[in-house]
Amino acid sequence: MAEEDKKKKGVVLFKVFGVVVIILVIATPIILSVFMHAEIFSKALGDANGWLGYWGGYLGAIIGAITVFIATSLQLKSQKNLHKETLVVQKASIEESARLNDQQQREFTISNLRINKIDSLVQELLLLNLKNSERFNILRECNYYNHLVKVADEKIKKEIMLLKVEKIVEEGKVIKSTQSFKIPKEKLNNSNIKRKRRRIDIKKALEKRNENINLKYEYLEQETAKRNEIRVSSAKLKSEAMFVNGLDNELNAFRGYQSEVIDLFYNLNVKNNISKDEYDSLIEFHVDKFMRENNKAIWKCKQRLDKELLSFQKGNVTI
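Residue numbers (the numbering used here): 182 to 500.
Think of the hints as simulated: they come from the structure by calculation, not from any bench.
Note that this is a predicted model, so its numbers are computed, not measured.
Per label pair, the in silico range of CB-to-CB distance:
1) 456 <-> 341: 20 to 30 Å
2) 280 <-> 410: 38 to 48 Å
3) 300 <-> 412: 14 to 24 Å
4) 344 <-> 394: 14 to 24 Å
5) 472 <-> 412: 17 to 27 Å
6) 297 <-> 447: 28 to 38 Å
For every residue, glycine included, the Cβ atom is placed at its ideal position computed from N, Cα and C.
Can you build the whole structure from these sequences, using the hints too?
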């Protein structure tokens, strides 16, 4: 509004000035011709032509000076306005350049952050591969000692059963409780029963069994610690991937599979209802599958990293 008021005021002044100039141009010769016939000029030296030349030169000089002044003022004003406009354009250009530069710097910063996050994701996936390999090795050891405990339990149970049978045979008694041993009645009266089985020292067997149980639980504790480490790394994987558009969704399949494997072997350890060979077969199967899934996740990260690096080099960075 202030700028428009200034323009309107300038137009009005220009019109007034124009009117004044026109009046002066018309009125000056008239006034001069009348003034020349005044009594004061009858006593002045020189004829009318001389005085007309004098006044013509005098007024022409004044008009010329006024014209130069007006032209100079207009030129200075025009230059001032042009300078202001140039400054405004330069200021706008500088501000726009600064804005674009700030935006570009922000975009480069964000892109650089994504590149660093993707690199961190690859390192985290490699670390997860190592942690899971360690966990699978721990599970193998745990399964081995669990198997030894099962074998010891079976041997000790059988030894205790046969000791009871021997006692029954030695006393020459056959009672209903012997039927639970699933030994034919005729064998209960066989005096050679002691020589038909391999004897074990129950005390030593129990000691060895307890030793294996302790080793089993040591590995179970290690497995629990390693499982917790894997869960923490998996959560970190999720949070890091969220900084890269869509990459967290692409890695969800890998994280879901990893969680499935963790729960699978945890439940197997709790239930303890499959054989050593079945357990080992499951481990080997998931070792191979985990390696493939881990490599797929790393490949997705590297594809995204290549894309980010290409955009960064071309300057086509998108937030």
